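Colleague: So you can see what is in the structure, the chains are spelled out below.
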Amino acid sequence: MSDNNRNKIDTRAIQSILKENKKQIKLGLTMCAHCSMCAESCFLYMSKDYDPEYMPSYKFLNSIGKLYKKKGKVSNGRLEKMRDLVFENCVLCTRCYCPFGINIPSLITLGRRICRSQGVFREYDK
Amino acid sequence: MIKAKPKPLEEIQNYVESFDRILITGCGGCVSVCLAGGQREVNILKTELALAHSQSNTNKHMDGYTVERQCNSNLIEELDPIVADFDCIISMACGAGVQHLAERYPGKPVFPAVNTIAIGVDLDIGLYEERCRACGECVLAYTGGICPVTRCAKGLFNGPCGGTNGDKCEISNEIDCAWLMIYNRLKEQNRLEDILKIQPPMEWKNQVKRTIIQKGYENRYIDK
Ligand code: SF4
Ligand code: SF4
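Top line first, the protein sequences correspond to chains A and B.
Residue numbers for the first sequence, in my numbering: 1 to 126.
Residue numbers for the second sequence, in my numbering: 127 to 350.
Keep in mind that the hints were calculated from the coordinates and are not lab data.
A couple of the hints might just be wrong.
In the DSS-like style, the derived pairs of lysine-lysine whose C-alpha atoms are separated by at most 27 Å in a straight line are [stated by the list, open to error]:
| # | chain 1 | residue 1 | chain 2 | residue 2 |
| --- | --- | --- | --- | --- |
| 1 | B | 172 | A | 8 |
| 2 | B | 280 | B | 234 |
| 3 | B | 280 | A | 126 |
| 4 | A | 126 | B | 172 |
| 5 | A | 8 | A | 70 |
| 6 | A | 126 | A | 69 |
| 7 | A | 126 | B | 186 |
Keep in mind that this is a model prediction, so the values were computed, not measured.
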């Protein structure tokens, strides 16, 4: 929910979102062949001179993927890095395409949802 | 992007007066960018409403939840299990988001917390200006990139009215005459002949709900 204390990570809340979406996350992590086919479908990746940190797969693997592997345990610093990845490096235009059928925008959305659950989100006047 | 402005607190308070469990929903899209209805504004509204309720000795349960975009059904889905616990919803999204929630949760009253104002540009942080009214028949090509629908008080399509007051509009000395600006811009670009082309009257399609189907997608959405 929106009013969590920003400095104290509520691991249980993160774990409950991870649990609720376990199937989808696990599927994404196992199915990703790191083929980078999704890269060119992302206009941000293309317009940022092929910066790998804008690659759709990079964005979900290093946000929700990492959180899943670490069982929801994350430091404030790491969560803020993740925020930059899922909020700044992606506009959620939902145009990215994975030939294996991974729903990348939905996984990035989950990353955002976890950030939001901890009061970590993009502020447009900063 | 879409620009919105928060409604006065008293107005929102009136909407929810008779409800005990109130869910305040934010949107991570345009209204976050224009600082009107993102997660931070949800937190602020929640605090303000709680204070108002405690001052009037009313006991209400409130919570806030922000989804990435209220205009996309895949992205509002996550509200499904939450909404059930509340009597009404306050939406801090634009009018499209509010209606989208109202459609998805027909049993729950949905109240807007912002006034959707315009499609506009960011002049500075917290400062925005209208540039487009989504009229559906863009005329910027022959008006030197200046929109007569939003910038001319009368929305005239074929040159100025007779009331131009120097370089100002007759309705106010503070508003530039859009058609003078259009004239000057076209003159500068040596395109004054464009101003002479008579434009047919606008079909005010925004009187009815407009649906946008992009080229190439017709077969998918239009029944033969
Ligand atoms: S296209 Fe799909 S499988 Fe390939 S790297 Fe991107 S997400 Fe992974
Ligand atoms: S949703 Fe994000 S990752 Fe996918 S194409 Fe759009 S900007 Fe790129």
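Colleague: Take the hints in turn and mark each one as holding or not.
Modeller: How the hints compare with the structure:
{"no.": "1", "hint": "B:172 with A:8", "verdict": "20 Å, holds"}
{"no.": "2", "hint": "B:280 with B:234", "verdict": "39 Å, violated"}
{"no.": "3", "hint": "B:280 with A:126", "verdict": "38 Å, violated"}
{"no.": "4", "hint": "A:126 with B:172", "verdict": "22 Å, holds"}
{"no.": "5", "hint": "A:8 with A:70", "verdict": "17 Å, holds"}
{"no.": "6", "hint": "A:126 with A:69", "verdict": "31 Å, violated"}
{"no.": "7", "hint": "A:126 with B:186", "verdict": "33 Å, violated"}
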